[in-house]
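J.: Residues per chain, in single letters:
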Amino acid sequence: MVPLWMYLTVAAALFCIGVFGVLSRRNAVAILMGVELMLNAVNINLVAFWRYSETGTSLLLNGYAFTAFVLIIAAAEAAVGLAIIITVYRNRRSVIPEEADTLKG
Amino acid sequence: MGEFDLWAQLPSVLPEVGLTALAVIVLFADIYGSIATRRNVVFVSAVGMALLALVPLIWVPDPAQFENGVLLWGGMVNYDPLSQIFKVMLLLSGAVTCLMALGDKGVGDKGEFYLIVIVATLGGLMMSSASDLILVFVALETLSIPLYMLASFRRGDLRSAEGGMKYFLYGAFASAIMLFGFSLLYGFAGTTNLGGIADAMSGGFEGGLVAVMAALVMVVVGFGFKLSAVPFHFWTPDVYEGAPTPVTAFVSVSSKAASFALLVRFLTAVFPPDLAIAGVMIQDFWVNLLVVIAIVSMTLGNVVALRQSNIKRLLAYSSIAQAGYTLIGVAALQGMDDSLAVASVSFYMFMYIFTNLLVFGGVILFITATGKEDIKDLAGLNRRSPWLALFITIGLLSLGGIPPAAGFFGKFFLFQAAVKSNLVGLALIAVANAIIALYYYLVVIKVMYVDVGPDDEIPVGIPRSYAWALGITASIVILLGTIAVTPIYNWAALGASGL
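Chains as they are written, first to last, in the working numbering: chain A, 554 to 658; chain B, 1420 to 1918.
Calculated from the structure, these hints are not laboratory results. Mixed in with the good hints there might be a few duds.
Partial list, computed: chain B residues near chain A (C-beta under 7 angstroms) [to be verified]:
| id | residue |
| --- | --- |
| 1 | Val1557 |
| 2 | Leu1598 |
| 3 | Phe1599 |
In this text, all values refer to a predicted model and were calculated from it rather than measured experimentally. Even glycine gets a Cβ: it sits at the ideal position worked out from N, Cα and C.
Hey, can you work out the whole structure from these sequences and the hints?
T.: Following this line, the structure appears as structure tokens:
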């Protein structure tokens, strides 16, 4: 069986890629993609921890349930976020937050 | 766990159930109702939330009643006085927000605005009583996602849409970081229950100190964002300036109050005073972290507020500073006896909610009447509308901490808690900051009462719903600073004892 630390390393790497994406991308949609990567890293973490804990073979599904909630809420968040980004695009034909400088920041 | 007794457990979530029903009613009334019905949606929402605020006062939790401590619904919900006090303030702030939105064109005339406010309040209520990582996360997002929508509610307005986008991007980033911290905590403990995590970590934990610290810092990042504490405050001025003003009022109080309730519970439950990993006291670490964040938030908020010309941006930086003050109370949780600190945070949030709603309500009214947002435009407000000027003055004095307004006792309890917890230096820095803050609050008051503006003769009228909203909040602010301080503080202290 693959040891736990391998899953955790993948999750940590994915999380770091996500953070890098958020910090380095200028396009709002790309930033949202970075956030989604971070959430997927969380999901890998949760499922791996659940499977390897002593509850992993029992009926206690808390890690699983947590993952399901993360997926659902990530979808809701993306829906609202994309709607907001489209609103900004309609107003100024650009989705780059740095160029959105009507507000002083 | 024993038998599941619905009638014994129901009161703990009754306000949430009521809010959900209210949301459904508002939704259907808005979609299928006639024009006359839709016009009344605002009153249904405001009165409904105000009535639901009575529920936690009528069904007072009695911990002796439950064998499993105060944890209900399978350990998901905390039923204690602390959650009740925060539920009351969140519901009242939602009700006042609805009244304030009424006259706002493009915001208050849309029924879905009230629906979103109700759902956001629901999230805040769940946050204040959550005792499980899963519910904490779901509640946080139930509050946050509606707030993103509210911030960008004026779709055609560039500033509103932009503020909403920035709020959303920062918010999603911060909650993803926080969630990674949650996943680590779950991994260390194998349970999602807040109390269970502490038990698991204190009983022979081999995960390593660094990992726990990392999880703790990630969680604090998420909270710091919601509280608009420095260095996670970048969204605050933009969102406050861009969002429709009733939304600004709502964002500044509900998200902050719910987050403080949750932060206090989270830190005391997951990282209790006696938790030591590899010989290092975890509590010392987070107390120091919060002390630094509190000092930086207060100082930066106040200093930057000094040179703002837009009244909404001034209030934004002032609210960053206020978050810093309240964090003093959270940092004062250190030590075994944390009752004073918890009580001071609850009381401060109680008075801050009404104070901020009062100031923002006054400012909303001024902005909708005149269309101007600069401080200098307030000149001569005393002659244009003496009542409005008086309301704003009461609010500003309370924010500045001058008796008889409530802010004085709020700050007094916070500083007292800090001194009791051996954080005298922190209390002194806070006092110095309060003096800086007083300057810019007094400048606004001076502009309203002394300066002469170009349209000095044009009166600013107060519509009836505003008169109610402002009158109620102003009297609460004054009452909290005079006769109501003892009962409310005792209630807050009761909440501390049940933690």
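J.: Quick check: which numbered hints come out false for this structure?
T.: No numbers; nothing is violated.
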